[in-house]
Amino acid sequence: MAAFTHPNHGKYKVIGTRPIRHDGEDKVTGRARYGADVHQPGMLHGAVLRSPHAHGRILSVDTSRAEALPGVRAVATAKDLPELPDKVMASGEGIENQRYMSTRILAGEKVLFKGHPIATVAADDPWIAQDAAALIEVKYEVLEPVLDVLKAMEDGAPRLHDKITATLMGKKEQVDSNVCLHTRFQAGDPEAGFAEADLVIEREFRTKTVHQGYIEPHHATALALSDGQITIWTSTQGAFAVREQVATVLKKELSKIKVIPMEIGGGFGGKIPVYLEPLAVLLSEKSGKPVKMTMSRADIFQATGPASASASRVKFGFKKDGTIIAATFWAAYEAGAYPNIYGMMGAMCVLAPYKIPNGQVDVYDVMTNTPKVAAYRAPSSPQALFGVESVMDEASKALGIDPIELRLMNAAEEGEQRIDGLKWPRIGMIETLEAARDSAHYKSPAPSGPNQARGLAIGFWVNAGMQSSATVGINMDGTANVVTGSVDIGGSRASMAIMAAETLGLKAEEVRPSVGDTDSIGHTDITAGSRTTYATGHAVYLASLDAIEQMKPRVAKLWDCDPAEVVFEEGAFRSTKNGQEPMTVRQLGPKLPATGGPVQGQGSLMATAQGSGFGLHIADVEVDPDTGKTTILRYTAVQDVGTAIHPAYVEGQIIGGATQGIGWALNEEYVHGDKGELLNTGFLDYRMPTTLDVPVIETILVEVPNPGHPYGVRGVGETPIVPPLGTMGNAIAGAIGVRIRELPLSPPRVQAAIAAKENAAGKTEAARETTAKPVPAQS
Amino acid sequence: MKPLQFSAPTSLDEALSLLSGAGDGAGVLSGGTDLIIQYREGHRALGQMVDIKKIPELNVLEFDPASGLRLGAAVSCAVLGEFAPARRHFPGLVESAELIGSTQIQSRATVGGNLCNGSPAADSVCSLMVLNAVCIVAGSGGKREIPAVEFMTGPGRTALQAGELLLEIRVPPPPPNSSDAYLRFIPRNEMDIAVAGAAVALTLEDDKRTVKTASTAICAVAPTPLMVPEAGAALTGAQMDDAALDAAARASEAAANPISDMRGTVEFRIHLAGVLTRRAAVIAKNRAAAN
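Protein chains in written order, with this note's numbering: chain W, 1 to 779; chain Z, 1 to 291.
These aren't lab readings, by the way, just hints derived from the structure by calculation.
Backbone N, C-alpha and C define an ideal beta-carbon position, used for all residues, glycine too.
Heads up, some of the hints might be wrong.
Away from chain W, derived, C-beta distances all over 10 Å, residues of chain Z [stated by the list, open to error]:
no.: 1; residue: Leu35
no.: 2; residue: Asp51
no.: 3; residue: Lys53
no.: 4; residue: Pro65
no.: 5; residue: Pro85
no.: 6; residue: Ile146
no.: 7; residue: Glu150
no.: 8; residue: Ala162
no.: 9; residue: Pro172
no.: 10; residue: Asn177
no.: 11; residue: Glu205
no.: 12; residue: Ala233
Here are the simulated EDC-like cross-link-like pairs (lysine to aspartate or glutamate), alpha carbons at most 20 Å apart as the crow flies [said to hold, decoys possible]:
no.: 13; chain 1: W; residue 1: Lys151; chain 2: W; residue 2: Asp176
no.: 14; chain 1: W; residue 1: Lys110; chain 2: W; residue 2: Asp86
no.: 15; chain 1: Z; residue 1: Lys2; chain 2: W; residue 2: Glu67
no.: 16; chain 1: Z; residue 1: Lys143; chain 2: Z; residue 2: Glu14
no.: 17; chain 1: Z; residue 1: Lys2; chain 2: W; residue 2: Asp131
no.: 18; chain 1: W; residue 1: Lys675; chain 2: Z; residue 2: Asp261
no.: 19; chain 1: Z; residue 1: Lys2; chain 2: W; residue 2: Asp124
no.: 20; chain 1: Z; residue 1: Lys2; chain 2: W; residue 2: Asp125
no.: 21; chain 1: W; residue 1: Lys757; chain 2: Z; residue 2: Glu267
Make the full structure from the sequences, and use the hints.
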């Protein structure tokens with residue numbers, strides 16, 4: 001079958017090309033300015049006193065010795081934060097109750113995780129600030145912590161909060177529980193479905209807490225003037241989200257705060273919540289000086305949002321021909337120390353890739369004595385689909401059906417209803433599976449040496465829309481400046497320039513893209529949810545169209561015709577009455593002053609037509625049976641990307657996501673001590689993959705355009721972290737002949753599984769070996 | 001964090017006088033890849049830091065067929081790795097030095113520092129032990145020799161007395177038909193610390209098949225790197241047959257006395273001590289046979 005072809009293939013002039021990114025030289029030469037590069041005259045340095053206990057009641061906080069230390073300019077505690085209502089605010093991809101947000105930022109009555117901030121100090125240098133923080137005396141009543149999600153659900157488990165407002169199957173209730181959210185979706189009659197099934201597989205899975213692991217630590221610098229004007233420099237996924245959170249937690253008006261987003265060294269969902277920004281503002285207000293705060297790597301691991309650990313049970317029923325007749329999913333997701341909704345996101349994703357006539361999903365968000373969980377690239381989908389794709393792999397073997405064919409025959413498609421109620425728009429699940437089936441990798445023989453195997457799994461993410469703004473200014477030489485409010489994490493400046501250039505008939509190099517601060521552009525939501533190229537790209541398109549509309553009367557003036565006779569087609573203004581040579585934006589630019597002055601296009605929208613993303617990854621692996629270590633021999637990632645605006649950055653997103661997923665699958669995990677303290681607080685013992693641990697990741701871009709975007713863009717960045725968990729699990733199960741249902745598939749765990757299998761086999765073989773002759777030794 | 005006194009003496013006498021009487025408050029800075037981190041993370045309080053890289057005696061790197069290798073305490077792993085006689089005669093020592101950290105780290109880190117840091121997981125120390133290396137140290141009382149096998153006394157502890165400085169490491173010249181190998185296990189492929197490690201040095205008979213002498217050591221499986229004489233004995237006189245390799249592996253497993261921590265369990269580390277001993281022995285033998 002011929003591969004699916006984008007309907008506009010070959011029609012675009014700039015979209016689909018690979019110009020050098022506009023911010024490239026700045027970054028490769030080290031000139032780009034990140035949070036750590038901020039220096040202000042008279043700047044103080046902040047430090048944070050953090051809880052040494054995972055769970056405890058604060059009996060007293062005495063800051064007097066810290067305040068007396070020479071060089072200390074300000075000390076703040078929870079008493080300096082305003083009282084906030086028990087009210088939920090949307091916060092990027094998550095939600096946050098204002099009252100809990102305040103106590104998360106500075107603990108008042110209780111500390112809920114090791115590393116929970118209790119007080120903060122500003123001093124003349126960072127060393128004085130650290131020494132002063134150590135002089136603050138805190139008395140605690142240490143309480144028993146609970147870290148495991150299943151234990152936290154038990155009746156007698158330690159409670160993090162006395163009474164919480166939980167949402168249980170849609171109803172808000174006051175409960176005394178660590179369960180803050182129970183999400184249920186249903187379709188058909190699962191019991192009847194399983195009764196009809198020829199094959200039922202039910203399995204339990206566990207995954208550990210993992211961290212986003214961005215290379216750049218959190219930083220924030222704030223200057224609060226006595227007139228109430230506040231400026232914040234920070235590296236964040238959303239300048240407007242920082243402004244909103246700081247305004248909420250410190251009870252300010254938005255217009256009093258300006259947030260300047262610095263370049264960002266990775267976020268992956270973890271740089272959406274504010275941690276240091278409100279502290280820097282508090283300290284600046286108290287000291288009258290700019291205050292810079294920075295986190296150590298240990299602070300980041302133990303006090304910023306990781307991704308949920310999970311426990312799940314997956315049950316699938318199949319007909320003999322491979323059709324899924326019923327499926328259920330039960331899971332508990334770690335919420336961290338405060339109410340959270342990431343489990344719900346797993347509930348939305350878990351059964352979405354397949355047609356499920358009878359199904360039920362029950363997912364619990366469970367609070368534990370760990371930092372509040374934050375988004376991590378397709379939040380909660382990897383944990384859910386690890387289980388589902390492991391079961392699909394077992395089913396493919398039990399039914400004797402090729403694993404891609406099994407997925408194809410059950411693939412979700414346009415018009416079908418998802419279990420959470422959404423009706424699928426045009427999606428590219430089938431085209432992705434077909435491209436994978438037809439790929440050179442899948443057509444090559446699977447590795448057949450000892451301890452080698454091939455594995456594959458799919459991934460899915462809903463993607464986000466949300467609010468974006470852009471302006472397109474036409475310069476007097478006809479080039480253009482694009483300003484958006486979206487922080488550039490993955491090459492979005494280049495993508496914005498390409499979409500503006502395509503719309504305006506310019507070259508990508510003729511467009512200068514930049515990221516505005518909160519004073520220079522309209523409200524724009526976070527760079528997250530795989531939404532930037534989709535939603536902010538749409539705003540850029542609207543702003544470009546607006547500029548074109550404003551330029552049409554100028555052209556009409558020059559041509560002395562009715563503006564209605566001027567159209568913009570194929571990169572130039574043209575007359576519908578003929579007789580005029582087409583005029584490009586470059587040609588018109590110098591004539592703008594004489595025809596009415598500057599032109600600036602505006603584009604703003606609440607985007608809601610994001611296309612969801614599907615991917616399938618294939619891995620060939622070899623496991624060292626003596627050490628349990630896995631080597632990836634070949635890896636291919638196939639994904640429906642809608643339209644690849646700048647294919648190099650689309651590939652980069654897929655490669656980056658796959659790499660993070662591989663790390664999650666193989667080695668990454670939070671390791672806690674008996675008292676709930678995180679033991680591996682650095683990159684030595686929190687093992688993300690290095691460049692030597694992943695092979696070249698081959699990418700195959702499938703382009704099924706999203707009808708909800710003028711250029712067919714679909715979110716790309718999050719989906720690729722989902723498939724590697726199942727892919728590695730399935731490949732390793734094939735290689736060692738035993739399936740491990742708990743992540744990570746680290747060498748000790750894999751080696752132990754091999755040893756257990758051999759011991760079990762050895763007991764039956766031992767009898768036979770007693771009569772066998774010894775094999776002559778080879779030299 | 002308190003300010004500290006930094007000095008970079010250019011003579012041994014000057015360095016020794018700075019160190020004498022300073023006790024634990026003086027940190028000897030070679031590459032600094034351990035010391036600076038310990039200082040910055042508050043694990044080690046220092047009043048002064050003495051950089052030894054400018055002292056000529058500590059930068060010696062020589063090989064003499066009669067007297068062997070002289071490796072100054074300030075010579076970086078990267079420089080050692082580019083020293084052809086070391087690569088030829090002690091490939092196991094060089095490979096252990098080139099496993100420490102990353103390429104960038106190896107440009108700073110030294111084998112001497114690896115010894116003095118006293119980590120039970122120190123990669124190069126196993127290699128020094130199986131090669132019968134000797135450490136030359138100096139203090140206010142003059143110079144003395146400490147065999148590499150006696151240098152480490154516990155986690156983070158060494159045989160160095162207060163005020164003493166490691167000058168150089170001497171590795172005796174290898175007999176004909178000799179070679180060595182070092183292997184460690186890490187979950188990733190770089191930027192990691194051994195979960196377990198094993199070094200083997202051996203000499204073959206003139207048939208280049210039979211092991212004349214062998215010595216093995218293991219690391220990260222006990223409070224200090226350990227010699228395993230029983231493993232060496234198991235290999236001696238044999239031709240790397242499965243029985244001899246199995247016996248050597250069992251000997252390393254029996255000698256291993258690890259702890260469970262986040263880098264590995266007791267069971268996994270004991271198992272690895274055997275696997276790595278076996279594999280390192282085969283590599284050392286193949287190298288010696290090719291000499």
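Which hints from the list above does the structure break, by number from lowest to highest?
-> none
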